[in-house]
Amino acid sequence: MLKLNVDVKKLQESSGNTMIDYKSFTLPNGLQVFVHEDRATPLAAVNIMYNVGSRDEEEEKTGFAHLFEHLMFGGSKHIESYDEPLQRVGGENNAFTSPDVTNYYITLPALNLETAFWLESDRMMSLNFSPKVLEVQRKVVIEEFKQRYLDQPYGDVWLKLRPLAYRKHSYRWATIGKEIKHIEDATLDDVRKFFFKFYLPNNAVMVVAGNVTFEQVKELSEKWFGPIPAGEKYIRQVPAEPQQTEARLEVAEGEVPLDAIYKAYHMPGRTDIRYYTADLLSDVLGRGKSSLLYDKLVKEEKLFSELSAYVTGSIDPGLLVISGKLRPGVTHQQGEEAIEAVITEVREKGVSEEELAKVKNQAESSLVFSEVDLLNRAMNLAFGALLGQPDLINKEGEYIQGVSAEGIQAMARQILVPTNCSTLHYKAKNNSSE
Amino acid sequence: MLDRRTPPAYQQVTDIKLQNAKQRHLPKGVPLHIINAGKQEVIRIEIVFRAGNVMEEKSAQAFFTTKMLSEGTAKYSAKEIANILDSYGVHLDLSPGFDFCTLSLYSLTKHIPLLLPVLKSVITEPVFPEKELDSLKDIKTQKLRVDNNKNSVVASKLFRSKLFQNHPYGNFLNEEDIAAITVPDLETFFNRHLRNNFEVMVAGAVDTAIEEVITATFADISFKGIQEESAKEVSFPAPERENIPKKGSLQSSIRAGKPLFTLNHPDFNRFSVLNTIFGGYFGSRLMKSIREEKGYTYGIYSSVVPMKSAGYLVIGADVVGEFTEQTLDEIYHQMALLRNELIDAEELETVKNYMLGSFLSSLNTPFALADRYKSVYLHQLGLEYYDAFIKDINEVTAEELQQLAKKYLQQDLTTVVVGNV
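Listed in order, the protein sequences are those of chains W and S. For the numbering used here, add 145 to where a residue sits in the first sequence, where the first one is 1. For the numbering used here, add 244 to where a residue sits in the second sequence, where the first one is 1.
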């Protein structure tokens with residue numbers, strides 16, 4: 146329903162007491178279950194992450210993983226309505242789809258935990274494949290497409306930037322889909338095939354967290370999920386993105402008030418240890434008011450009114466993105482040169498130990514804060530488990546501390562180069578600054 | 245064979261106990277509220293100033309005074325403050341509000357002692373450098389231009405200005421106000437309304453040592469403790485309709501609603517149940533009808549918004565442009581059903597359980613607990629408000645809800661539509 150960013154971060158050394166404890170088991174049908182007990186809360190969180198995202202779609206049927214997420218709320222084999230019985234026991238739920246995964250989550254009073262097992266197991270077993278549900282959700286998703294991507298200023302940036310940065314990998318289309326027509330054309334046959342290919346116990350991980358016990362979760366899992374048959378193992382065959390060798394530039398125009406620049410550089414994926422180096426590099430460049438880009442180009446030189454850097458955080462090799470809005474009268478060319486000057490300095494002089502300590506502190510703080518909420522802890526655990534590294538949640542702190550100033554400079558030299566960059570110049574219509 | 249058709253047995257949430265804040269006055273009067281909760285070594289310190297937009301002598305004063313607090317003080321430059329906050333991984337929010345302006349600082353507990361002197365300087369001796377103000381004015385102007393391209397933003401502003409005519413609650417920032425604001429305006433607002441006029445609310449892992457340094461930090465501040473009310477009365481305008489067509493839009497953004505009441509009104513809790521049924525959750529009647537049956541929208545919600553001196557009901561949705569009128573008709577139709585027919589027992593029970601469960605979930609973190617405490621405290625209520633809230637939800641009847649629908653859900657909504665209309 147809503148799309149969020151999975152931000153799996155955790156720091157072990159931070160404050161001494163933040164290890165996330167969990168135990169796990171795997172059912173004979175392949176469903177991996179992780180249990181994180183927290184007696185301090187009256188709640189339980191149940192998080193099921195399916196190993197399917199928009200990267201698993203066919204090129205002519207994009208947007209399907211996300212449309213499918215909507216259909217998961219349209220009733221299952223034995224249960225007509227998903228939401229109502231959950232609301233009835235005081236529960237709340239939502240879900241999101243990313244290029245990598247589709248995640249479903251529930252929070253409810255722990256004493257009504259079994260209701261979550263009943264609902265989730267039935268829709269993992271089989272949907273009801275109702276034509277009416279498909280027809281309505283197609284319309285809803287098309288309105289979501291319009292509301293979030295077309296009727297927003299700059300809303301279509303990622304629809305343009307993805308195919309510019311990716312030529313072969315299926316990250317080249319956005320999760321919402323390439324175009325509305327793909328959603329309009331979806332058929333019930335597509336829905337069935339998709340379900341039985343991906344929505345399998347052996348293609349999912351479940352995390353149950355909160356005021357629950359391991360034994361209780363094991364018993365409920367065997368009871369409700371045990372009878373679901375395993376399916377054919379999904380073997381992902383997504384083409385790797387070839388190394389980019391030329392600078393790419395696209396110019397777009399829209400009904401927006403300000404010119405904008407988006408620069409996307411290829412970087413390592415989520416399971417590569419160098420991911421953390423690239424992540425901290427983006428922080429040095431553009432996280433917070435004291436970051437290099439913001440301090441120099443927003444505050445000092447006043448070329449941009451907004452400027453930041455961040456990473457997409459995808460499982461397969463992702464993107465480090467620098468994006469900013471130009472002040473009136475500043476050309477794209479001037480903005481580009483100013484960004485390039487800051488980047489060049491990082492490539493040539495590297496970052497100071499002080500700078501490095503700062504971004505490590507920021508990352509540490511983000512990790513600890515991400516553990517405050519029970520559901521977040523469950524999601525973080527699920528994401529690590531899906532990557533095959535359930536203990537990632539307890540290791541990321543070390544990985545971050547392991548990043549060195551030399552490593553950041555080397556990363557900058559490797560990835561922050563024009564031939565590795567896809568640039569989008571967004572121009573305001575009726576703006577004659579360029 | 246497992247019975248998958250019958251829902252498992254469930255229990256109602258009956259006992260919800262909120263942790264109260266430890267509350268006391270520092271030696272010279274500043275109120276300190278502490279909620280010590282949570283396992284993670286994190287803390288949020290909020291400085292709640294007892295003044296907001298309603299006290300402005302000039303538009304944009306509250307906004308810029310609040311936002312400029314961290315842009316230079318007698319002891320630290322804007323750059324130094326940004327650098328210190330970033331270096332400790334601190335997140336700082338400066339939130340100007342209608343009734344209260346708030347500074348929220350989120351940090352790992354271990355850094356708090358080092359941060360307190362900076363925090364104190366920010367809230368007691370800001371100097372509002374002209375250069376930083378010019379920069380902020382410029383950035384805000386650009387952001388405003390982007391926001392004013394969003395139909396939903398334009399609709400919300402227009403709606404509020406129609407609801408609260410001649411009252412600060414109806415005001416919003418515009419480019420002229422931003423251009424006209426000056427450093428002396430900020431100094432005046434700060435000295436009159438913010439200086440020494442704040443409470444300190446701390447939530448998270450607060451041990452005795454942390455409590456002591458916080459106490460020591462604010463001990464010498466002589467609390468002013470004034471909360472002036474706006475001289476202006478909230479009026480109740482006649483309902484009207486305005487369309488703002490926008491070329492190129494695919495959808496129309498609808499806002500419809502009316503003035504209601506504040507948190508301490510006797511109908512507030514029961515009306516919240518009615519509102520939840522009407523459009524306040526995913527299973528609401530508006531959502532079922534307009535999204536799940538007709539597919540006109542990605543989402544439609546109705547909300548009850550309580551402020552200090554007034555409150556209002558607002559229904560919001562972005563819908564297929566061609567179906568704007570059908571959507572408005574359906575909103576009125578759903579209101580009529582609530583007036584004319586009793587809500588059935590099953591639906592009412594679902595909503596009661598949902599609201600109690602959702603309330604329980606909303607107490608999930610120390611910060612959420614503190615927010616609950618704060619929202620009643622600032623309305624001069626205590627935590628017993630929530631006992632009454634739970635009791636009212638449990639006890640409200642279908643008949644009472646029908647009476648409330650007759651009283652408050654008449655065909656008299658102020659309506660604005662922006663976009664494809």
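Treat the hints with caution; some may be incorrect.
Chain W side only, calculated, beta carbon under 8 angstroms to chain S, not exhaustive [unchecked claim]:
| # | residue |
| --- | --- |
| 1 | Gly-236 |
| 2 | Leu-256 |
| 3 | Pro-276 |
| 4 | Leu-279 |
| 5 | Lys-284 |
| 6 | Ser-435 |
| 7 | Lys-470 |
| 8 | Glu-509 |
| 9 | Val-513 |
It is worth saying that the hints were derived from the structure and are not from the lab. Beta carbons are placed, not taken as given, at the ideal position from N, Cα and C, and that holds for glycine.
Right, here's what the structure says about each hint:
{"no.": "1", "hint": "Gly-236", "result": "holds (6 angstroms)"}
{"no.": "2", "hint": "Leu-256", "result": "holds (5 angstroms)"}
{"no.": "3", "hint": "Pro-276", "result": "violated (13 angstroms)"}
{"no.": "4", "hint": "Leu-279", "result": "violated (11 angstroms)"}
{"no.": "5", "hint": "Lys-284", "result": "holds (3 angstroms)"}
{"no.": "6", "hint": "Ser-435", "result": "holds (4 angstroms)"}
{"no.": "7", "hint": "Lys-470", "result": "holds (6 angstroms)"}
{"no.": "8", "hint": "Glu-509", "result": "holds (6 angstroms)"}
{"no.": "9", "hint": "Val-513", "result": "holds (6 angstroms)"}
Of the numbered hints stated above, those contradicted by the structure are hints 3, 4, listed in ascending order.
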